[in-house]
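Let the hints inform the model, and build the full structure from the sequences given.
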Amino acid sequence: MSAQILTANRLDDGVVVYLADDGTWAERFEVARVARDADASADLLLAGEAGERACRIIGAYLMKVADNETPQPLGTRETIRGKGPSILTELGIGI
Amino acid sequence: MYRYDAYDETLVRERAAQYRDQVRRRLDGELTEEEFRPLRLMNGLYLQLHAYMLRVAIPYGTVSSAQLRQLAHIARRYDRGYGHFTTRQNIQYNWLRLVDTPDLLDDLAAVEMHAIQTSGNCIRNVTADQFAGAAADEIEDPRVYAEIIRQWSTLHPEFSFLPRKFKIAVTGSPNDRAAVRVHDIGLRMHRDHDGEVGFEVIVGGGLGRTPIIGPTIRDFLPKRDLLSYLEAILRVYNQLGRRDNIYKARIKILVASVGAEEFARLVEAEWAEIKDGSLVLPADEIARIEAFFAPPPFDAPDSDAADFAARRGDDPAFDVWADTNLFDHQQAGYAIVNLSLKPIGGIPGDATEAQMDAVADLADRYSFGEIRVSHEQNLVLPHVRKADLHDLWRALDGLGLATPNIGLVSDIIACPGLDYCNLANARSIPVAQQISNRFADLDRQHQVGELKIKISGCINACGHHHVGHIGILGVDKKGEEFYQITLGGTADENATLGKIVGPAFAADKVTDAVETIVETYVDLRRNGEKFLDTYRRLGVDPFKEKLYATH
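Keeping their order, the protein sequence lines are chains A and B.
The first sequence begins at 1 in my numbering and counts up by one.
The second sequence begins at 96 in my numbering and counts up by one.
Don't read these hints as lab results, they were simulated from the structure.
Hints are not guaranteed to be accurate.
[Unchecked claim] With a straight-line cut-off of 25 Å between C-alpha atoms, the simulated SDA-like cross-links for lysine to any residue are: (1) B:K370 to B:R360; (2) B:K604 to A:S86; (3) B:K573 to A:T24; (4) B:K573 to A:S2; (5) A:K83 to B:R360; (6) A:K83 to B:R175; (7) A:K83 to B:V570; (8) B:K572 to A:A3; (9) B:K572 to A:E69; (10) B:K572 to A:S86; (11) B:K573 to A:L74.
[What the hints assert, rightly or not] Chain A regions said to be covered by chain B (calculated; three or more residues, Cβ under 8 Å): (12) 6-13; (13) 55-69; (14) 77-83.
[Claimed, not checked] Beyond 10 Å from chain A on every Cβ pair, some chain B residues (computed): (15) R121; (16) A146; (17) L316; (18) V375.
Just so we're clear, the structure is a prediction, and the values are computed from it rather than from any experiment.
Beta carbons are placed, not taken as given, at the ideal position from N, Cα and C, and that holds for glycine.
Below is the structure:
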């Protein structure tokens, strides 16, 4: 099974967050808690459900990561979610 | 332009207050996301990749300087200092916090604006020709009827839970700048044989995963019958439109499945029951709304035209801009001015809060305080004295809004794509930027001539790729972004869907492919043919051969 982390959007501001090792919702994927087996993934999902019930986050789901020293998103979509829009900032707008 | 009366004012204020309470109950947990989602969507609030996104309604693309200043304020206060003008003449903010949106809606209500029905399965913003009330080729101002339709459709109790979204567009000119043939309902104003102005009614057009050029179901509809007839169409759709499959739920599917003739018959049968009832539009009501769209107090001396011509002769850069960015006004001594939101290498349709504030000031000085938003993602100052054009141009140039590229290859329509949108499969903005940079030489762009490129990041086609002269659709092939190219589409009165040219191109090849298409056209064109003319004469084969030639 490939490594996975849990991601969601924060309810009050929509910011992309990841479930961190310490159980908080962090804005950086580098500190996300990594699941490497089915049981660990199931635990992540339970934490996501708890976060939704507590009105902290919405739309939690598992995403695959490269299991490096710190987890790295795989694929364009999750990279953009994690790092921000990829567009050139000609007018100094965007990230 | 239309000004709110007490009813309108009360409606938006109450709606904002209602929404404030809904947000409170969501944050408190009284409402689940499943319960809250349809409520926030009915106020145009999406959750996108990075944050909440709000789509603010700009009715038929008309906005006052005061309203544009408020849109700038909203960008500054609640967002990251910019907004995005869309292919339905609205504005979107990409970086909002849910907790701020109640205050934001109050700020909109303060300037007679809202985000009502910019999402959800209801009648959306009614769009119109961005040159309405100004264009020399216009029969009548379509915004009068767009406003009437807006009022009829806002919070319409029978049509708040349609099978799917519903989009209406109106053109008052035979030269269709509102893309009426690819809307759920398109209305084309024209004269009958007695000279009376009425509507050709086109139903069941659309883009997305099933693009269709809408058929005409009624050649001439008198003005008095406009609302009752629309009501009949919506009733037939509401009753018979599919609700089992969201990909088959638009009215275009219904019209295609029963046939235009049968659909027309169903509408006429429904209409017969209601045509002389409460929805008849009395002449005095039409006149009341028309009065809001009366022309401004034009005042341009005859000498203006000569001054303008002289300035063009003296200033080559001004001359080039005047060549592409102006449109003929119905009033002597005036011009319609297009403000390009497509700077070379820039993000199509985006404007900073500083630009919005500055455009509001320029509108006050030069255009009777009025601005328009085009569905091609540019802005318009509709009523500018020719004598003021040079000063205006210099001001716009200083703001980065005077790129002389309207209708040219770098005047690209692009949806937000995978950089922002939850629905996207691929990015569209970087592709637009790369193409724009490839054609950065404006002399080259002018030599190429009119060429409309439209880019969508997914099959929902918000970038209108099906009706681009060159259309580009981003797709996901095994986790990689690829781009499928279509040729020969157009959204005007000869609306045509583009034809796929061949296999999709990888992200690092698509700009080369576009350049190959452009160069092929330039090599093959005759006698000043535009791209579309050459394509129609020769078909897709010459382009296909050049694109896919094996070496």
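Results for each hint:
no. : hint             : verdict
1   : B:K370 to B:R360 : holds (15 Å)
2   : B:K604 to A:S86  : holds (18 Å)
3   : B:K573 to A:T24  : violated (33 Å)
4   : B:K573 to A:S2   : holds (17 Å)
5   : A:K83 to B:R360  : violated (54 Å)
6   : A:K83 to B:R175  : holds (16 Å)
7   : A:K83 to B:V570  : holds (21 Å)
8   : B:K572 to A:A3   : holds (23 Å)
9   : B:K572 to A:E69  : violated (29 Å)
10  : B:K572 to A:S86  : holds (19 Å)
11  : B:K573 to A:L74  : holds (13 Å)
12  : 6-13             : holds (count 4)
13  : 55-69            : holds (count 3)
14  : 77-83            : holds (count 3)
15  : R121             : violated (8 Å)
16  : A146             : violated (4 Å)
17  : L316             : holds (44 Å)
18  : V375             : holds (46 Å)
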